[in-house]
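Throw the hints in and build the complete structure from the sequences for me.
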Amino acid sequence: MMTYEELQELAASEVEKQEQHDYCVRVCLAAGCLSLYNDEIKNALEIAVEDRGLGDKVAIKGVGCMGLCAAGPLVSVEPDGVLYERVSVDDAPAIIDALGKDPVEHIHCPLDIPFFERQQKIVLENSGVVDPESIEDYLTRQGYEALMIALTEMSSAEVIDEVVRSGLRGRGGGGYPTGLKWQTVAKAMGDTKYVICNGDEGDPGAFMDRSVLESDPHRIVEGMVIAAYAVGAQKGYIYVRAEYPLAIERLKLALRQARRHGVLGDNILGTGFNFNIEIRLGAGAYVCGEETALMASIEGNRGNPRPRPPYPADHGLWGDSTLINNVETFANIAPIVRNGGDWYASIGTEGSKGTKVFALAGQIQNTGLIEVPMGITLREIVEEIGGGTPGEKAFKAVQTGGPTGGCIPKEYLDVPVDFDSLVELGSIMGSGGMIVMDETSSMLGVARYFMEFCMTESCGKCIPCRVGTAQMFRLLDKITKGQGTMTDLELLEELCDLTKYASLCGLGQSAPNPVLSTLRYFRHEYLEQIIDAPEPVA
Amino acid sequence: MAVRSRIKTLKIDGRDVSGHEDESILDIARENNIYIPTLCQLDGLSIVGACRLCLVEVQGWRKLVPACATYIEEGMEVFTNTERLQNYRRMILELLFSEGNHICAICVSNGNCELQDLAQKLGMDHVRFPNLQPVRTVDMTHERFVVDRNRCVLCARCVRVCDEIEGAHTWDIKGRGVDARVIPDLDIDWGDSPTCTSCGKCVNVCPTGALVVKGQPSGEMIKRQEFLVYLSEIREARNG
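Same order as they appear, the protein sequences are chains A and B. With this note's numbering applied, the first sequence covers 1 to 538. With this note's numbering applied, the second sequence covers 1 to 240.
If you are wondering where the hints come from, they were derived from the structure by calculation, not from laboratory data. Keep in mind that this is a model prediction, so the values were computed, not measured. Note that beta-carbon positions come from the ideal geometry of N, C-alpha and C, so glycine has one too. Everything hinted at is true.
Covered stretches of chain B (chain A as the covering partner; in silico rule of three or more C-beta atoms under 8 angstroms from a C-beta of chain A):
1. 49–63
2. 94–100
3. 124–132
4. 168–176
Right, dumping it as structure tokens:
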């Protein structure tokens, strides 16, 4: 067990150690750049440093995601403030030779572009900066300071109060006020309580949680321990999908380090507070991201959702009161406790505070991970930060919210992004997936694709979702093939209505969204495919 | 001494009714002879809220709620049979009929089938959706019983009765979505199941012809479910 003073000493000696080096070359070792063999580039950089006898002056550090995944593999140099893109192993010697001089021209990525300048980082403030495998490095970035403040200077009610004041809303998709959820769990009866981190990110094209877990796992641990203190829980689970092996590996390491350094386990930081965390792996079912199904899965049962109420706060894991939040939600907790709820509430819009991480994917220049203040317009995200659609092709729509979200056409690009405005547009914020489509994309094809996804991911428990999605998929398939009739279209709309209002869980209730939103904005594309459609009015 | 439970008063379809706080809308509706269709629900088994046939509207609530899984609240106004609900219920039945082999004329449970009764009662006289024609299996390996998965509506009554009442947990569900199906143990032939006690409870609670007694002719496939309430009460009493 370590005390906070010892942790601070550790942080200070780590800072001292880091300051001995004149330069720090950071190599992105998150999934995207790693798949482009950035680990080999890191080796090459280390060899280049060794060859030049610069071992004392230059540190090579593996870090998490730098965001601009489209331009990977990425390497950055501090204190030069230089970012290199599309780096190859052969560039390693040149990068080392250019330290403190003009950057290597052909791989130099300017930082004064909107992609970097328009972002505001809270959740990702450590991503691409700290070594995700080092608790010492996390400590140098005020790591576990918020935990110490919470445990020693604040009552649990005060911690909750800060979260309430922050206006933070759940980042998993629903947008439920986090502070209210914490209050409810804190008030719940019973001696045993649980805290669960939902890391079962399954939307196609979404990689926000993955990136946070791979880049800054201690942030999640810290957020969960603070939450546990606030609501009075003794045990926590992080539910991560097994498809994220790197995230799991780094989380496991982080948990081990956290236990060894006394910020997790028994008698945390000598305060007498006990809390432990276990990792549970998802076996690949999308529906397990739904909280009641996730809890069933943790209990060792089939991952089926159940009717709510009772909500997890009242009747959660093994019948006990349970707080369940998403990865990104927990990542916001430490900064809120450190800087105060009012600070967080000063960012964003009236109903949606703070920042939101989005995974930009699809037909867009700057594929990658961004964090922007709530209230930024879709146009700023797509055209400025994202760099627009590649080539000459015109922008057509942006799909937000994953398979249960909707497509938003160009007429609404100037709408500020927050939970409520996206719902008004027939989409949802979701967990932050954002898929951009250009004029070559068929909206009918998009609807068909997502319906197929929901059909295969339906658990099969309730009839509207199980059979409704299968019948909707068949109707969409028929219309796509040019064999649909107006009767089919009417049936499709009736099924959308049924599935939306009669399904048991959020998966079924929002499965029709891609169809409803494309019918709302691109109905003509459906009609063009329908054989007995009325002639369009000139 | 009995546990104290508060009494709530509410309105169902305009009628003033009352009940205990731990009773569901369905309980109170039945007590007052107000019909709400159900399929997955069966007295004596746990509530799963899966079939969605018992969805009702509550004044001022944004969402429809399953009557079986929703406790009554003071002053709530419930509507059990609006046009919207009737449409949804018929469509849910249409979806069920489109999902498997529910051709009554060739079914041994013809005349003794809850699905058939529901269709008649709720006025579902035709199906607008094409049959999904799933590839499902029939297992006749058990000495006395048959499972025909083509006629299964996945209400999971068999799974629950086997687990909660018999205590064997022979049945469970494998697969997702339209591929979900009931399986004995870890998907072995029923006749080979080491856990099945051949008690026949699953057959008796099955609402359709998916679980039937071998050799019993059509017209005599009458399911007995009265045992369930007694057994579950005895279980509860024993478990305190």
